[in-house]
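Protein chains in written order, with our numbering: chain A, 1 to 231; chain B, 1 to 357.
Keep in mind that the hints were calculated from the coordinates and are not lab data.
Idealized CB from N, CA, C, for every residue including glycine.
One or more of the hints may lead you astray.
Unchecked claim - Here chain A is said to cover these stretches of chain B; the calculated rule only asks that three of the stretch's residues, wherever they fall, bring their Cβ under 8 Å from a Cβ of chain A:
{"#": "1", "region": "23–31"}
{"#": "2", "region": "57–70"}
{"#": "3", "region": "174–181"}
{"#": "4", "region": "255–262"}
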Amino acid sequence: MSNAPNLRIPNEMVDNIFRNLIQNSDQRSLFAIQNWTNVSRQHVLRAHESDAIKLMKSMKAYLETGPVENASTMAEDSPCIPMYELIRRKAFRELFSHVKQYRTNPIVIIRTLSVFTASFDLPTDIPHMPMYIDNIHLPEKSVLNTKACVSMIQLGFFDFVAGVMHDFDRNRSVVSACIPFFYSVTAVMNIVSEQIVPYCAILKAISSQYDVNTEVSNKPMTISWMAGLEN
Amino acid sequence: MDGWIRKLIPPEKQPMFTQELLHAAKTDVNRRVRPRTPEYEGTDFASNITFHEEDTVIAAKAILSEASTSIRQLFYMTRSDLEQAIRNVILWLKQSIFNNDINDRDHHILALAFLSRLCAFDKNGYKQIMLDHGIFEVLMMGIKINNRRASLYQSTLSENMQIVTKTQLAFYTLMTTHLKVPDVEPTVFQFLKQDAIHIVMEILLLSIGHNETIFSFFRQGEAYRPDFCQTRIPGLEKAPYKARCDGVTPTYNIPELAIVVACQLCFGNYPTSERNDTSHILLHNYNIIKRIKFPADPSLDLMSVLKTAALAFGDTDPELCMLYPIKSMDTQSFEMRAASRETVQYMIRKIANYYSA
Numbered sequence: 001m002s003n004a005p006n007l008r009i010p011n012e013m014v015d016n017i018f019r020n021l022i023q024n025s026d027q028r029s030l031f032a033i034q035n036w037t038n039v040s041r042q043h044v045l046r047a048h049e050s051d052a053i054k055l056m057k058s059m060k061a062y063l064e065t066g067p068v069e070n071a072s073t074m075a076e077d078s079p080c081i082p083m084y085e086l087i088r089r090k091a092f093r094e095l096f097s098h099v100k101q102y103r104t105n106p107i108v109i110i111r112t113l114s115v116f117t118a119s120f121d122l123p124t125d126i127p128h129m130p131m132y133i134d135n136i137h138l139p140e141k142s143v144l145n146t147k148a149c150v151s152m153i154q155l156g157f158f159d160f161v162a163g164v165m166h167d168f169d170r171n172r173s174v175v176s177a178c179i180p181f182f183y184s185v186t187a188v189m190n191i192v193s194e195q196i197v198p199y200c201a202i203l204k205a206i207s208s209q210y211d212v213n214t215e216v217s218n219k220p221m222t223i224s225w226m227a228g229l230e231n
Numbered sequence: 001m002d003g004w005i006r007k008l009i010p011p012e013k014q015p016m017f018t019q020e021l022l023h024a025a026k027t028d029v030n031r032r033v034r035p036r037t038p039e040y041e042g043t044d045f046a047s048n049i050t051f052h053e054e055d056t057v058i059a060a061k062a063i064l065s066e067a068s069t070s071i072r073q074l075f076y077m078t079r080s081d082l083e084q085a086i087r088n089v090i091l092w093l094k095q096s097i098f099n100n101d102i103n104d105r106d107h108h109i110l111a112l113a114f115l116s117r118l119c120a121f122d123k124n125g126y127k128q129i130m131l132d133h134g135i136f137e138v139l140m141m142g143i144k145i146n147n148r149r150a151s152l153y154q155s156t157l158s159e160n161m162q163i164v165t166k167t168q169l170a171f172y173t174l175m176t177t178h179l180k181v182p183d184v185e186p187t188v189f190q191f192l193k194q195d196a197i198h199i200v201m202e203i204l205l206l207s208i209g210h211n212e213t214i215f216s217f218f219r220q221g222e223a224y225r226p227d228f229c230q231t232r233i234p235g236l237e238k239a240p241y242k243a244r245c246d247g248v249t250p251t252y253n254i255p256e257l258a259i260v261v262a263c264q265l266c267f268g269n270y271p272t273s274e275r276n277d278t279s280h281i282l283l284h285n286y287n288i289i290k291r292i293k294f295p296a297d298p299s300l301d302l303m304s305v306l307k308t309a310a311l312a313f314g315d316t317d318p319e320l321c322m323l324y325p326i327k328s329m330d331t332q333s334f335e336m337r338a339a340s341r342e343t344v345q346y347m348i349r350k351i352a353n354y355y356s357a
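This is chain A alone, in the form it adopts within the complex:
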């Protein structure tokens, strides 16, 4: 980067770059670009010291990794919350503390809820969602998703979003972000509830096979279907 030419970027060039990116992107990237554009366009235009290579690299990194930093469009006091990263790590406590801090900022709220909903794989084609169901049915997500749902309930996410919905009831964008949030969380809860019982039964079977083989040999193995939840 140190050898990069110190280019000043005219507005037309920025426009061309964005136009090319948008034309050559799929829908997910397009959403990411639009999101990023809203956040950073003002910064790009003002930051005349930025060079073209740096800009292109940051765009490429952004498209590969997603919106790592998602900030307000208000350039002066933009709260930079790494929402995507926090949600990916399921660090809901940290995310919640950030979002509570910017509770009065509808843009931060909308983006948080949108990123959250997107990370729970709710596609835009609602309400019939084979893609969503396929993705969420992945069993390795079952336990993680259960923990995530429980964390959200314990942290008071439902109450928080309901409060936001009440405070911004005249703001259609906020309400439009709150409803899919509620739906996606309960959808995950619903699917998790279907999977967790058989999952627990399998775990119970794994844990008890040792006892059968070593202590009570030749005893027929009978395991209650709800054994996973009886302990």
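Could you slot chain B onto chain A? The hints should help.
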């Protein structure tokens, strides 16, 4: 191991993804035993599990304990956890239900699905909260508005028709969820206060009286469905139940749902041929509905609607008549359809007595 698990779990309780769940469980256990270190990088954790090691048992028990704790917390949420969310969603539905914006109606569907799903977690607690905040008023108003929209879109097949059908399905799904209680009469009484029987009768009129309406039995093939596979009754198409059970779409179409709801409003949830002691609320509904007239075609009566519904519920496909067919229907759908068929047949017997008298 896989066969052993299959024997362990009753067929009706086997999840769709037993293999995947088993793989996930084995992987989780083995990861707990062998933490993520460079020496195990790239290991297939699921295939390397050893069942006879003490570590494996301890790990499985630890995961089981964590999972059980989580699931208990998830299933037994307190009233305060979700009351505000339920109240605000219902309030928003009340405010926006008259809005014609298609985007809003998509959100109506999601909001109604959210409320329906909550009922599955806490059988009666959340239903009571919804009742306290006026969900029945919202339901009846929503169904009424959609009936009017349906009569407007009689001759056009458009995006509007699809969205009206989807929204109506969402309203009816929540309504039937509320009717699934052991003692249905208090709920029926609440619906009666919102003039439910007349609103349901509007759909019965639309279901058979006008073949042009989108809620007609004979137009359901053109209405929204996730998948159209086979036609069994002329003019009436059905998708496999599994395709309908996507978590949002019920296992019924709108006229079928309306018939079942109408029967429930007249006889409760468990009609039997022996039952004669119908309460005055249910009897009131029954007396209203049995005199329904079809102005568009005076030769039709309630019996025509019921017979068409019975035909729709009577599955002729052998796969659909079997219990637990893996590809076509899940257990819950099978039971729901069977119960609905019995309800409709009971209503047919009752109405036949009325017409013959």
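Here's how the hints hold up against the structure:
Remark: the region 23–31 of chain B is confirmed as covered by chain A, as 7 of its residues place a Cβ nearer than 8 Å to a Cβ of that chain, reaching the required three. A stretch counts as covered by a chain when three or more of its residues have a beta carbon under 8 Å from one of that chain; for the region 57–70 of chain B and chain A the count is 10, and the coverage holds. Coverage of the region 174–181 of chain B by chain A is violated. Counting CB-CB distances below 8 Å, 0 residues qualify, and the rule asks for three or more. Residues of the region 255–262 of chain B with a Cβ under 8 Å from some Cβ of chain A number 0, which does not satisfy the need for three, so the listed coverage is violated.
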